[in-house]
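Enquirer: With chain H held as given, fit chain P onto it using these hints.
One-letter residues, chain by chain:
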Amino acid sequence: MYGDLLAALPNVVSIENFLAIVIGVLAGIAVGAMPGLSATMAISVLVPFTFGLDPLVALGLMAGIYNGAMYGGAIPAVLLRIPGTPAAVATSFDGYPMAQQGRGGYALQVAVVSSAFGGIASALALMLLAPPLAKVTLLFGPAEVFWIAVFGLCSIIFLLGESPIKGLISACFGIFVSMIGADPITSEERFTFGYLELFDGISIVILLVGLYAMPPVIDLLETPLETKGAGKALHTESIFKAFPRMFGYWKTWIRSSLIGIWIGILPGAGGSMAAFMSYNEARRSSNNPEQWGEGEPEGVAASETANNADTASALIPALTLGIPGTAVAAVMLGGLLVHGLQPGPMLFRDNADVVFGFMWQFLFGAILLIFLGGSLATNSFANLLKLPRPILGSIIIVLMFIGVYSINERMFDVYLMLIFGMIGYVMDKFKFPLPPVVLGLILGGFAEENLRLTLLIGRGDWMALFNNTTSLVLVALTIAVIVGPMIKRRLVKQRKP
Amino acid sequence: MFNYKKKAALMSALLLTSGAALADYPEKPITLIVGFSAGGGTDVMARNVAPFIEKYLGDGASIVVKNMPGASGQIGITEVAHSDPDGYTLGTYNLPGMMARTLDRDAKYDAESFTYLANVVSDPNVIVTSKRSGITTAQQFIEQAQEAPRSITVGMSSLGGDDHLGLTKFQNITDTEYTIIPFKGSSAARTAILGGHVSAGVLNISEVAAFKDELNVIGVAKAERSEYAPNVPTFAEQGVDFTNGALRGFVAPAGLPEDIQAKLLDAFDKATKDPELLAKMKATANPVEVTLGEDFEQLNNELHDLANQVWQTTPWK
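Protein chains in written order, with the working numbering: chain H, 1 to 497; chain P, 1 to 317.
Next up, chain H with everything else stripped away, as it sits in the complex:
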């Protein structure tokens, strides 16, 4: 099998292929950096155009876009507190405070190096471990996936902010939004008020753009007379000088890569959950957790490593089993199908050259990210912040409209985004934390669907949730996450007096 891997390399090393990856990475960064435009969208727009291309060139473009976009999302997250993609929400926690302190350039450099590290780790996992990891995916039926969702929901605890009550209200709002649309089992319409556009539920991108981009934009426009630049200068130095300082994050890089790869091979959750989880884990094991959220570069590293580490690994179940781990992987499956590549176990036997070539392209895409992302971030985007605030705000509003409209090409989504924008503005003013809303939306629906499937399979018996080892391990982990910090705090208190 590793013979096939090496045999595929010569095909990949061609000018067209490299050009495709470079263009893909650059396009991905640009798309990711614009609020509302996501990798999923970029690739689904691209797929119809790849009909006439050589399969490897088409796949190279996709691999590049995927890698680029996962980093690109960090740029506005750091500079403006507007995550460019759902997966960059956790990046803004520490990235934005860093930019405020004038360390935005370093934050972006940490982001790009971490993204590349995560991407490389993920590509290696895909190349070397795809078949065995696919077997792990199969262990996860509805019951196990339900517990994964519960585990993820528990991590909301760490995102509650200063007031737990407000945080919980935010989380409940997110879970409520997850219920809008067709019931996952019977397709009964819930809170759709007869609008077909609501039938498939609310796209995470619409919610994210409204909730996250609108408050900062209004903030930018609220002081129109101030025509100075919006942010502090980036204060960048050469990436080669900055690089040695980052070695201290090696533990976070490795831990977050593993979390990202792990989340990637599980169907459904995707980059945002990977980023949240690895951020929490990194903070828990940090020596100075109180500084997190105040501009700790390691927080940026944790989030960005993980959201790139799920890229290639999400393709493991996609290529081997035909199940996409993330929305992007789902679109990429469509892209493969267009070229007559049927995902499944036969793919590795019948089209080894293309599949393994695709894996190499992922690896190259991740490596190229350092060079392309590094210079792009430091040079081009620094100028963005020199724009007068009202102009910057207007540009972002235009991008938001274009991005949301282009998801399904309909104005309905734009109006929906504006409604979420108003909700987000009010929540922001009253200091309701926004991250629990995002997690609630992603995981709420996920938990509901899998709980109900488990009960159907168990014919109504709740014990179906507990009758296998994987589930029990996940239950134990969940309890440990909730109870662990309480016990720790109590022990520390007892020791003190």
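Honestly, the hints are just simulated from the structure, not real lab data. Please read all numbers here as calculations on a predicted model, not as lab measurements. Each hint should be verified, as a subset may be incorrect.
[Stated by the list, open to error] Subject to a maximum C-alpha distance of 20 Å in a straight line, what follows is the list of computed EDC-like cross-link-like pairs (lysine to aspartate or glutamate):
#1 P:LYS282 to H:ASP350
#2 P:LYS317 to H:ASP183
#3 P:LYS108 to H:GLU197
#4 P:LYS317 to H:GLU448
#5 P:LYS263 to P:GLU294
#6 P:LYS108 to P:ASP295
#7 P:LYS282 to H:ASP54
#8 P:LYS184 to H:ASP200
#9 P:LYS270 to P:ASP295
Expert: Below, chain P alone, put in the same frame as chain H:
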């Protein structure tokens, strides 16, 4: 691309002002509405077929594919139903889904809303079981369910789709009862079967062709064996008269002028015999089985009746 569209629009405007007769159809780009996102099975079929329709309509005909995803195709097909029947709006059409939606939802169209052009793809249902279940033939599958009704869990992509209606049909024919587990999409269902989380599943042959070694495919719901799995016996061979599947084709709004309809039917007929298109369809796992015009309409009515019968006896919501 954009320039081309502009040019085409300009040209058609010129043609219109010169008072071209209807017989010159098509004199402007035809919009083909696909009710699913780009890259999905229906979209791939549409994009495969479109260039060949252009070719056989001749005279520089051009078709622009427009994706209007949402509500399992309902948004797109509703748009088609309410478009002008001038031959410049066509749509992809899925059965039995489009008819089932007129029963289980408040749909703004019905069987009378369309001019039926061509059904191109017929993807027969298969019943598969997980390796762990030990069930390898239709007979075992039936006997086990007769001994202990509802003891076998059967995964599928959704309620009210071809797989659900198919299983209901199978239950009626064989006097059995299974526990239905509707997943979100067929790949999720297939994974659960691979992992042994459900014991069996109703899928389509194109979805299991690449998994023949990992699953037990116990039968194909088709009159003859499928070229996608020539080693798998049909249900008829195993003594169960069960055929069913997912159909994908093309429709136009009701009231299409007869000459335009004839021109389109002719183009679909020729296109679906083009060996180049057939090869493309095979490569993208779209089993071709063409039904044209009135025959397609009749097929639609049959499937509507089947869906209605299931809906009346065992409504799924």
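Enquirer: Sort out whether P:ASP295 lies within 20 Å of P:LYS270, counting only the CA atoms.
Expert: holds, 17 Å
Enquirer: Under the criterion that the straight-line Cα-Cα distance not exceed 20 Å, is the pair P:LYS184, H:ASP200 satisfied?
Expert: holds, 11 Å
Enquirer: Measure nothing beyond the straight line between the CA atoms of P:LYS263 and P:GLU294; if it is 20 Å or shorter, mark the hint as holding.
Expert: holds, 15 Å
Enquirer: Verify the proposed pairing of P:LYS317 with H:ASP183, using a straight-line Cα cut of 20 Å.
Expert: holds, 10 Å
Enquirer: With the threshold set at 20 Å, check whether the alpha-carbon distance from P:LYS317 to H:GLU448 stays at or below it.
Expert: This hinted pair holds, its Cα atoms lying about 17 Å apart.
Enquirer: Hinted pair, alpha-carbon criterion (20 Å max): P:LYS108, H:GLU197. Please report holds or violated.
Expert: Satisfied, since the Cα-Cα distance of roughly 14 Å is no more than 20 Å.
Enquirer: Does P:ASP295 sit within 20 Å of P:LYS108, going by the straight-line distance between their CA atoms?
Expert: violated, 24 Å
Enquirer: Quickly compare the C-alpha distance for P:LYS282 and H:ASP54 to 20 Å and report which way the hint goes.
Expert: Within the cut-off at roughly 18 Å; holds.
Enquirer: Are the Cα positions of P:LYS282 and H:ASP350 separated by 20 Å at most?
Expert: holds, 15 Å
Consistency note: the structure conflicts with earlier hint 6 alone.
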